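> Read top to bottom, the protein sequences are chains V and C. Taking the working numbering, I'd label the letters of the first sequence as residues 1 to 384. Taking the working numbering, I'd label the letters of the second sequence as residues 1 to 384.
Please note that the accuracy of each hint is not assured.
[Claimed, not checked] Beta-carbon label-pair distances, calculated as ranges:
1. V:A80 x C:E350: 31 to 39 angstroms
2. C:E277 x V:Q115: 31 to 39 angstroms
3. V:G62 x C:S374: 33 to 41 angstroms
4. C:Q115 x V:G321: 15 to 23 angstroms
5. V:G348 x C:P100: 18 to 26 angstroms
6. C:E336 x V:T149: 27 to 35 angstroms
7. V:Q352 x C:A242: 35 to 43 angstroms
8. V:A80 x C:T275: 44 to 52 angstroms
[To be verified] Below are the BS3-like pairs computed for lysine-lysine, each with C-alpha atoms no more than 25 angstroms apart in a straight line:
9. C:K249 x C:K56
10. C:K249 x C:K233
11. C:K249 x C:K349
12. V:K299 x C:K19
13. V:K349 x V:K274
14. V:K233 x V:K299
15. V:K7 x V:K233
16. C:K299 x V:K19
17. C:K334 x V:K56
18. C:K299 x C:K343
19. C:K233 x C:K299
20. C:K56 x V:K334
[As the list claims (entries may be wrong)] Not close to chain C: a few residues of chain V, all C-beta gaps over 10 angstroms, as computed:
21. T20
22. A60
23. Q63
24. E103
25. S127
26. T219
27. S231
28. A242
29. T245
30. S363
31. H373
It should be emphasised that the hints constitute simulated quantities derived from the structure, not laboratory data. Computed from a prediction, not measured in an experiment: that's the story for all the values here. All C-beta atoms in this analysis are idealised placements derived from N, C-alpha and C, irrespective of residue type, glycine included.
Below are the chains, spelled out letter by letter.
Protein chains: 2
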Amino acid sequence: MSVVGPKGFIAAGVAAGLKTSGGLDVALVVNQGPNNAVAAVFTTNRCLANPILWSKQVIAGGQASAIVLNSGGANCYTGAQGFQTTHATAEKVAELTGFPAAEIVVCSTGLIGEQLDRPKLLSGVTSAFESLSESGGQDAAHAIMTTDTVVKLGTRSSTEGWTLGGMAKGAGMLAPGLATMLVVITTDAVLNSEQLDTALRAATRVSFDRLDSDGCMSTNDQVTLMSSGASQKTPDLGEFTASLTELCKELALKLLDDAEGSSHNIHITTEGAKTEEDALEVSRAVARNNLFKAAIFGKDPNWGRILAAVGTTSAEFDPYGIDVSINSILISSKGEPAEDRSKVDLSGKEVQVVIDLHAGNLSATVVTNDLTHSYVEENSAYSS
Amino acid sequence: MSVVGPKGFIAAGVAAGLKTSGGLDVALVVNQGPNNAVAAVFTTNRCLANPILWSKQVIAGGQASAIVLNSGGANCYTGAQGFQTTHATAEKVAELTGFPAAEIVVCSTGLIGEQLDRPKLLSGVTSAFESLSESGGQDAAHAIMTTDTVVKLGTRSSTEGWTLGGMAKGAGMLAPGLATMLVVITTDAVLNSEQLDTALRAATRVSFDRLDSDGCMSTNDQVTLMSSGASQKTPDLGEFTASLTELCKELALKLLDDAEGSSHNIHITTEGAKTEEDALEVSRAVARNNLFKAAIFGKDPNWGRILAAVGTTSAEFDPYGIDVSINSILISSKGEPAEDRSKVDLSGKEVQVVIDLHAGNLSATVVTNDLTHSYVEENSAYSS
Numbered sequence: 001m002s003v004v005g006p007k008g009f010i011a012a013g014v015a016a017g018l019k020t021s022g023g024l025d026v027a028l029v030v031n032q033g034p035n036n037a038v039a040a041v042f043t044t045n046r047c048l049a050n051p052i053l054w055s056k057q058v059i060a061g062g063q064a065s066a067i068v069l070n071s072g073g074a075n076c077y078t079g080a081q082g083f084q085t086t087h088a089t090a091e092k093v094a095e096l097t098g099f100p101a102a103e104i105v106v107c108s109t110g111l112i113g114e115q116l117d118r119p120k121l122l123s124g125v126t127s128a129f130e131s132l133s134e135s136g137g138q139d140a141a142h143a144i145m146t147t148d149t150v151v152k153l154g155t156r157s158s159t160e161g162w163t164l165g166g167m168a169k170g171a172g173m174l175a176p177g178l179a180t181m182l183v184v185i186t187t188d189a190v191l192n193s194e195q196l197d198t199a200l201r202a203a204t205r206v207s208f209d210r211l212d213s214d215g216c217m218s219t220n221d222q223v224t225l226m227s228s229g230a231s232q233k234t235p236d237l238g239e240f241t242a243s244l245t246e247l248c249k250e251l252a253l254k255l256l257d258d259a260e261g262s263s264h265n266i267h268i269t270t271e272g273a274k275t276e277e278d279a280l281e282v283s284r285a286v287a288r289n290n291l292f293k294a295a296i297f298g299k300d301p302n303w304g305r306i307l308a309a310v311g312t313t314s315a316e317f318d319p320y321g322i323d324v325s326i327n328s329i330l331i332s333s334k335g336e337p338a339e340d341r342s343k344v345d346l347s348g349k350e351v352q353v354v355i356d357l358h359a360g361n362l363s364a365t366v367v368t369n370d371l372t373h374s375y376v377e378e379n380s381a382y383s384s
Numbered sequence: 001m002s003v004v005g006p007k008g009f010i011a012a013g014v015a016a017g018l019k020t021s022g023g024l025d026v027a028l029v030v031n032q033g034p035n036n037a038v039a040a041v042f043t044t045n046r047c048l049a050n051p052i053l054w055s056k057q058v059i060a061g062g063q064a065s066a067i068v069l070n071s072g073g074a075n076c077y078t079g080a081q082g083f084q085t086t087h088a089t090a091e092k093v094a095e096l097t098g099f100p101a102a103e104i105v106v107c108s109t110g111l112i113g114e115q116l117d118r119p120k121l122l123s124g125v126t127s128a129f130e131s132l133s134e135s136g137g138q139d140a141a142h143a144i145m146t147t148d149t150v151v152k153l154g155t156r157s158s159t160e161g162w163t164l165g166g167m168a169k170g171a172g173m174l175a176p177g178l179a180t181m182l183v184v185i186t187t188d189a190v191l192n193s194e195q196l197d198t199a200l201r202a203a204t205r206v207s208f209d210r211l212d213s214d215g216c217m218s219t220n221d222q223v224t225l226m227s228s229g230a231s232q233k234t235p236d237l238g239e240f241t242a243s244l245t246e247l248c249k250e251l252a253l254k255l256l257d258d259a260e261g262s263s264h265n266i267h268i269t270t271e272g273a274k275t276e277e278d279a280l281e282v283s284r285a286v287a288r289n290n291l292f293k294a295a296i297f298g299k300d301p302n303w304g305r306i307l308a309a310v311g312t313t314s315a316e317f318d319p320y321g322i323d324v325s326i327n328s329i330l331i332s333s334k335g336e337p338a339e340d341r342s343k344v345d346l347s348g349k350e351v352q353v354v355i356d357l358h359a360g361n362l363s364a365t366v367v368t369n370d371l372t373h374s375y376v377e378e379n380s381a382y383s384s
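So that you can see chain V by itself, here it is in the shape it has in the complex (with noise of 0.2 angstroms):
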């Protein structure tokens, strides 16, 4: 399954040694065709990696016959260096295959500001090369793990005969514009590259984007969907955007299920608004605060730290009209205390934050994780 399970595509991860750890850190996912248009969104971050600046170029071509992806470094913040290693890498993979450099994507995740090992790298890719088969999906998605501690894939099919498989990787710095992780989509459905770029926006604005476990946007982070066409079938575009919805959704509730020291998935809905931007700031503000997010790590339903965070955002709302719900228990209403907050129950892993503005009829949903003792262990005691 995951990116090999659309027809058309073969996948390998393989061991460079760039990870100190030994384990596999180079992925190769390469399209047979017949067609092979791409679409990509990436990171909105000033600060770009190398292979984003590499990987914008190929994407603005709309083609791409492989993706190559290596974890144990960012290669960003790497100079000139760092930008040859990354297209030595894209070379590399085209003297293996015989694709055009310009159409091989080239993904990079790991430490800010350390070059790669291009030598080891550069074998790393002939490895994977010689390992690419129809089951290479799984070692693929090992390959591009950081402090992932699981392999996050995903799958779609159609009635109408065409699949989506996708693989993530992701475990901190998700935060929007774009949701920062890489993920490979594949499809074999027959979609150009228009078609592609249109629907992953649509999907990704309200799955990855809306995903923020710890308001840090990395440099280095993409969602790229590739199409082989190998089912000769041309989707409805409507249904195909739903398709890659869902699984954008499942990916990304995967991410913030692993994310780095979390406790608490934590799901921010911001309903009654007067428009979803409204209930997007709403949402996020509360995601972003610290206060609310340890005070749920320690099981407490401190609605006086989510009303604190919403009236810091410029919203339509009064602010003595707001309902506020955890995990169905009506906390606060419209300025008072409501049920009382000892009904709440956080024993469990998922929490449901329902604030009703009483503004409109709009709503938006972020998703973010709580603060919490592994999560100051896992950024302070580790470089990363």
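Please build the complex by placing chain C on the supplied structure of chain V, with the hints as guidance.
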């Protein structure tokens, strides 16, 4: 010292039983004149506590003869009953002092969403009134503490014969607009409320507003400046503002140094900016980056996380033209690693981060803390 340093002020702090610990929790500061000019700046949070709603009206009148403050409850989101408690508090001070209730400023701090015990509070106000003295500044400063571990006092004296004195509380939720906290500053200089307002806004803009301990903005906090005119000296407004600014900076650094669970005071200076707003936006983005803050806790000079935060801003810069220094070691220059990161010594409590955008000649400094296990512990294990 503190608020009773300037002539014309008496103060007290008493235990009214609002804090479960039994500690001091009601403070009263009375201005004996001859003048009673006042100015204040308030949280920009749109969810405002009852004492803020009340005090804004008092400050609009430009005159205040007393300020009464309580810890042990924020009196925020407590509905009409909560507002009546604030009103009753002002009325009680008015009854005891003979000043109009409309000239009594009220501040509260503590947990949101719980009613204050009105009888206990009013009884505490009476006790405080009976305890008023020229040596009550220390007790008053104690009575406004919440999770603070030390009282925060400061003073400035002019050779011209006028004096400033201040007390502050706050150890979390310290973020602008207005770095949130309770601060009372008194002066015996002769100044009207417009002059006080001008000076206070200028001073807080570069002091409390540049303190961002955890990005969280409170519903309750306020900086109040009261003038008795008892020195009979009319200062030059520029000199007064400079002195007030120094005092505000001193108090802000004392808040920083006592921030919940921090192990480093981080001073983030952005220089070489095209505008001061750009410099401020960049410094603030870094100050709010959890990954960077956790890295500093781990004594890891992780400049990649700094640049990733810088890249989220709209400031003018070339992403490959930025220099980053930590504690005077230039660790990244123009998009590449520079000096060896192991040279950076993060064993001390003070950390100086300097980001040079090379886009102009303006600068701004924001101070923050690291993200530590103790921060998570304090904000998860205890409701506040």
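> Work down the list of hints and note, for each, if the structure agrees.
Okay, the hints, checked on the actual structure:
1. V:A80 x C:E350: 31 to 39 angstroms: About 36 angstroms separates the Cβ atoms of A80 (chain V) and E350 (chain C), which means 31 to 39 angstroms holds.
2. C:E277 x V:Q115: 31 to 39 angstroms: Because 35 angstroms falls inside the window, the suggested range holds.
3. V:G62 x C:S374: 33 to 41 angstroms: Roughly 52 angstroms apart at Cβ, these two residues miss the hinted range, so it is violated.
4. C:Q115 x V:G321: 15 to 23 angstroms: holds (20 angstroms)
5. V:G348 x C:P100: 18 to 26 angstroms: violated (54 angstroms)
6. C:E336 x V:T149: 27 to 35 angstroms: Check passed, 32 angstroms falls within 27 to 35 angstroms.
7. V:Q352 x C:A242: 35 to 43 angstroms: violated (52 angstroms)
8. V:A80 x C:T275: 44 to 52 angstroms: Given about 31 angstroms between the Cβ atoms, the range is violated.
9. C:K249 x C:K56: Given that 25 angstroms is the threshold and the Cα spacing comes to 24 angstroms, the pair holds.
10. C:K249 x C:K233: holds (24 angstroms)
11. C:K249 x C:K349: Distance ~18 angstroms between K249 (chain C) and K349 (chain C) Cα, so the pair holds.
12. V:K299 x C:K19: holds (22 angstroms)
13. V:K349 x V:K274: violated (31 angstroms)
14. V:K233 x V:K299: Given that 25 angstroms is the threshold and the Cα spacing comes to 50 angstroms, the pair is violated.
15. V:K7 x V:K233: holds (11 angstroms)
16. C:K299 x V:K19: Roughly 22 angstroms between the alpha carbons, so the hint for K299 (chain C) and K19 (chain V) holds.
17. C:K334 x V:K56: holds (22 angstroms)
18. C:K299 x C:K343: holds (12 angstroms)
19. C:K233 x C:K299: violated (50 angstroms)
20. C:K56 x V:K334: holds (22 angstroms)
21. T20: Label holds. Min Cβ-Cβ 16 angstroms, cutoff 10 angstroms.
22. A60: The claim holds: A60 (chain V) sits with its nearest Cβ about 19 angstroms from chain C, beyond 10 angstroms.
23. Q63: Fine: 28 angstroms to the nearest Cβ keeps Q63 (chain V) off the interface.
24. E103: At about 26 angstroms from chain C, E103 (chain V) clears the 10 angstroms cut-off, so the statement holds.
25. S127: Fine: 28 angstroms to the nearest Cβ keeps S127 (chain V) off the interface.
26. T219: violated (5 angstroms)
27. S231: holds (39 angstroms)
28. A242: holds (31 angstroms)
29. T245: holds (26 angstroms)
30. S363: The claim stands: S363 (chain V) keeps its Cβ more than 10 angstroms from every Cβ of chain C (closest is about 20 angstroms).
31. H373: Its Cβ does come within 10 angstroms of chain C, the nearest being 5 angstroms, so this is violated.
Checked against the numbered hints given earlier, this structure breaks hints 3, 5, 7, 8, 13, 14, 19, 26, 31; the rest are met.
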